[in-house]
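Peer 1: Each chain, letter by letter, is given below.
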Amino acid sequence: MSLDRRTTLKWMFAATATVPSLQALGDVPQPQARDVAADQPGYGTDPNLTGEWKPGGPWPLTLGAAARLTTSALCDLVIPADSVSPAASSVGVVDFIDEWISAPYPQQRSDRELILPGLTWIDAESQGRFGKAFAALDQPQKEAIANDICNAAKAAPQFATAAKFFAKFRDLTAGGFYTTPVGMKDIGYVGNVSLTRFDGPPLAVLKKVGLA
Amino acid sequence: MSFISAAEADKNTYDVIVVGSGAAGGQSAYTLTMDGARVLMLEAGRHYEPATETPMMQTNAAAPLRGAGTPEKPFGFWDATIDGGWQVPGEPYTSASDDPARQFVWWRARMLGGRTNHWGRISLRNGPYDFKPHTRDGLGFDWPMSYEDLAPYYDKVEMLIGVYGANDGLENTPNSPAGVLLPPPKPLVSDLLIQQRARKLGIPAIAGHRAVLTQRLDHLRLPKLLHPGNAKAQSILAADMQKRAACIFATPCGRGCSIRANYQSTTVHLPPAMDTGNLDIVTDAMVRAVTKRPDGRAEGVVYIDRKTGAEHHVKARVVVLAASALESVRILLNSGVANSSGKVGKYIMDTVGANFSGQVPLLESLPLHNEDGVDGLHLYTPWWLYKEQLAGKLGFGRGYHFEFGGGRHLPGMGTAAGLAWLNGGNYGRKFKEDARRYYGSFVGFAGRGEMIPNDDCYAELDPDVKDRFGIPVLRFHWKWSQHELGQAAHMQKTAAEIIDAMGGRYSTKPQSGDKAIKQGGIIIHEVGGAMMGTDPAKSVTNSFGRCWDMKNLFITDGATLCSNADKNPTLTIMALAWRASEHMLGLMKRKEL
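Protein sequences, first through last, are from chains A and B. For what it's worth, the numbering used here labels the leading residue of the first sequence as -4, then goes sequentially. For what it's worth, the numbering used here labels the leading residue of the second sequence as 565, then goes sequentially.
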């Protein structure tokens, strides 16, 4: 599905407050994506549940190279490496986001309408403020933009749409990351192992909550 | 006898045709074949093998879209449902109203075992009040039976399928006899905190009841109790019980269970029924209608082979409809039988549903431990305001229960999503710290309540629309009454009070009933449409599901229910199916069928 003109214009108006010259957009490598075919099938109502599934398997990925670079930089801003776990892009989150926004289902098609113009916007914003694409910014520059859009409730009016994009992108990044083995370990999930008995919460847990 | 083709079924003769293979069809076929009846089961969906098809232990990263639900797999990629959902391609239904609040949505599954493969396994008995609701408060309809009539069959079903729980003896929340229930799982810390704080509000929280084997079934004791005097049935069941493993306290039940540690028709009812040698099953058999003999009795059914499109006509002494309440209604309406009362399709009900959730600081950053447990309902809250309600203090007529829970469960798309209402919205290392802090600190309450049957909720045949087999489809009429809307508002308000009592917080305030209530059909507890009763002019069947107008036609699914207590209906459907099938066996033995 291509972005309609109205959607694009809405984003561009939102961006005018901080992008003095819309001409600058012409020089930016656009986050181009191939269309999702209108008749693109999904995985069907009877997919093989014991088969191997990878992004790009059930339907083609559509993000172009520049958009993938922006996606990678942005998801690593949301989930960078720390002492516990690596950055989101290192465990397949870019492929996952591409899979998500390329899927033929209503929710994902709707999210695509937020994510693709959002990627366009953030590169334009980066060009406008710092003369570089988002992926090429240094950390303080990335944070300068992110700080304007990371809190949707408090974002300035000209950043309202961009803040919605960021909230959705953050949710997708988190879902993509915390479902992986390193993400599950990071967040503290220790289940999905076969047990012969279930012992419930340890005493230390009950004590901490005031139940023992 | 086994899985056979439509052509093979054409050549055979049977005592009973059972339409449907889920909770009702599975139980009917089990009871009938274990006592020697020769049964042909017709299932509209495909054959399904839980042992080889169940995605045990797969994580969400191994699924498309991290396992998130889509219109093709509404409960998520790994959910057991095949060819099912609120929309089934090529098999539409229609609504009489354009107003979403007056539309009913109809979940179906097209697979052997039907919805039992993915259901929540919550197994609650109706209580004595639930059989005589009209007598108690003047609303709805009484059942043509009492709790005592059905209690022995609840016992049998619980022993056969394996249900964990405890006997807490609360009002209208029956105990099971000693030795029937399996031990309940230990509560999670979130359960215990809810229990502690709810108690201060006068709200109980007791052991849940679910069809999950917290230990293996006693194959020495139970078969003798279930099939007294029937050595063959005892032997078959004892052998089969030994093939069912206990729960491994991992991997969600909704995917089905390859080790047969929970109840699905395909893992519990059908294997022993097949072992009797008395059961044949034809899958991909979409039943269109019951056929009538010149003397007015049922002759058999016609069905369409989904693979070839060919129509087949099979015959038997007895026909049992167990196709799910509304599919059985549809078959009756398309057959033009058993409806001299005009009640077929009337008084359809769903469960009232409203959810509410919050975040509890006390549960943040707890020492890591495994909280998978049995995947839900370690504890629950049965309805507790019977007296206040009967005294007219609540403003709505019937009660509800809470299914609640928290804990660190298998991460999915929701795990660290939507935290902005708690942390203002951030990113980077702080976001990662918050994700760890908040994971497992949420509690959710699902209110599930009784809907009172009303004249505005019914199904009829759409005069124009047909499915891809050329079979006329159902058109639904739906309207909640003030009883349901008042109850839904009470659910959210009460859940918020419990969260308050836990020192918790929530992102949105409790809503009014019309906003809080889930759309009709969303809870997937649809029942009614062929009500049982004592008067042939006012009901479709007697208490054994036997149609007044067609003495060898029985309905053993939820269509016959006169009310839809807050207790999830599946256990009751199975108990009714066992009782009806036992009655059929007696009639056949006495040559009355």
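The hints are simulated quantities; they were obtained by calculation from the structure and are not laboratory data. Where is the CB? At the ideal position from N, CA and C, for every residue including glycine. A portion of the hints provided could be inaccurate.
Each pair of labels, with its calculated beta carbon distance range [as the list claims (entries may be wrong)]: (1) A:LEU206 <-> B:ASP701: 35 to 43 Å; (2) A:GLN136 <-> B:ALA615: 31 to 39 Å; (3) B:SER1071 <-> A:ARG192: 30 to 38 Å; (4) A:GLY205 <-> B:ARG610: 47 to 55 Å; (5) A:GLN134 <-> B:ARG763: 46 to 54 Å; (6) A:ARG192 <-> B:PRO635: 38 to 46 Å; (7) B:GLN806 <-> A:LYS202: 37 to 45 Å; (8) A:THR191 <-> B:ARG610: 28 to 36 Å; (9) A:PRO197 <-> B:GLN806: 28 to 36 Å; (10) B:GLY900 <-> A:ASN43: 39 to 47 Å; (11) A:GLN136 <-> B:ARG763: 24 to 32 Å; (12) A:THR191 <-> B:LYS796: 52 to 60 Å.
Calculated lysine-lysine pairs in the DSBU-like style (CA-CA distance at most 35 Å, straight line) [to be verified]: (13) A:LYS159 <-> B:LYS1073; (14) B:LYS1057 <-> B:LYS879; (15) A:LYS202 <-> B:LYS764; (16) A:LYS202 <-> B:LYS1057; (17) B:LYS1073 <-> A:LYS180; (18) B:LYS796 <-> A:LYS149; (19) A:LYS149 <-> B:LYS1153; (20) B:LYS994 <-> A:LYS159; (21) B:LYS879 <-> B:LYS796; (22) B:LYS788 <-> B:LYS1155; (23) B:LYS1153 <-> B:LYS879.
Peer 1: Indicate, hint by hint, whether the structure satisfies it.
Peer 2: Hints versus structure:
1. Checked against the given bound of 35 to 43 Å, the beta carbons of LEU206 (chain A) and ASP701 (chain B), roughly 38 Å apart, stay inside it.
2. A hinted range of 31 to 39 Å for the beta carbons of GLN136 (chain A) and ALA615 (chain B) is inconsistent with their spacing of about 56 Å.
3. For SER1071 (chain B) and ARG192 (chain A), the Cβ-Cβ distance of about 37 Å falls inside the hinted range of 30 to 38 Å, so the restraint holds.
4. Range check, GLY205 (chain A) to ARG610 (chain B): Cβ separation about 52 Å, and the 47 to 55 Å hint holds.
5. Between GLN134 (chain A) and ARG763 (chain B) the beta carbons are some 51 Å apart, a value that agrees with the proposed interval 46 to 54 Å.
6. For ARG192 (chain A) and PRO635 (chain B), the hinted distance range of 38 to 46 Å is satisfied, since their beta carbons lie about 39 Å from each other.
7. At about 41 Å, the CB distance of GLN806 (chain B) to LYS202 (chain A) agrees with the hint of 37 to 45 Å.
8. Distance hint check for THR191 (chain A) and ARG610 (chain B): the Cβ-Cβ separation is about 35 Å, which falls inside the suggested range of 28 to 36 Å.
9. At about 34 Å, the beta-carbon gap between PRO197 (chain A) and GLN806 (chain B) stays in the expected band of 28 to 36 Å.
10. Between GLY900 (chain B) and ASN43 (chain A) the Cβ separation comes to about 41 Å, which falls inside the hinted range of 39 to 47 Å.
11. In this structure the hint that GLN136 (chain A) and ARG763 (chain B) lie 24 to 32 Å apart at CB is violated, the actual value being about 55 Å.
12. In this structure the supplied range 52 to 60 Å is violated for THR191 (chain A) paired with LYS796 (chain B), their Cβ-Cβ distance being about 33 Å.
13. Straight-line distance between C-alpha atoms of LYS159 (chain A) and LYS1073 (chain B) comes to about 22 Å, which keeps the hinted pair within the 35 Å bound.
14. A threshold of 35 Å between alpha carbons decides the hint, and for LYS1057 (chain B) with LYS879 (chain B) the separation of about 54 Å lies outside it, so the pair is violated.
15. The hinted pair formed by LYS202 (chain A) and LYS764 (chain B) meets the criterion: a straight-line CA distance of about 20 Å does not exceed 35 Å.
16. Between the alpha carbons of LYS202 (chain A) and LYS1057 (chain B) the distance comes to roughly 30 Å, so the proposed pair stays at or under 35 Å and holds.
17. Taking the CA atoms of LYS1073 (chain B) and LYS180 (chain A), the gap is about 34 Å. The hint holds against a cut of 35 Å.
18. The hinted pair formed by LYS796 (chain B) and LYS149 (chain A) fails the criterion: a straight-line CA distance of about 72 Å is larger than 35 Å.
19. Proposed proximity of LYS149 (chain A) and LYS1153 (chain B) is contradicted: the alpha carbons are some 76 Å apart, above 35 Å.
20. For the suggested pair LYS994 (chain B) and LYS159 (chain A), the alpha carbons sit about 20 Å apart, so the restraint of at most 35 Å is met.
21. Of the supplied pair hints, the one linking LYS879 (chain B) and LYS796 (chain B) holds, its CA atoms being roughly 27 Å apart against a limit of 35 Å.
22. Proximity of LYS788 (chain B) to LYS1155 (chain B) is assessed by CA-CA distance (about 27 Å); at most 35 Å being required, the pair is judged to hold.
23. Distance hint between LYS1153 (chain B) and LYS879 (chain B) is fulfilled; the C-alpha atoms sit about 19 Å from each other, no more than 35 Å.
Comparing the model with each numbered hint stated earlier shows that hints 2, 11, 12, 14, 18 and 19 do not hold.
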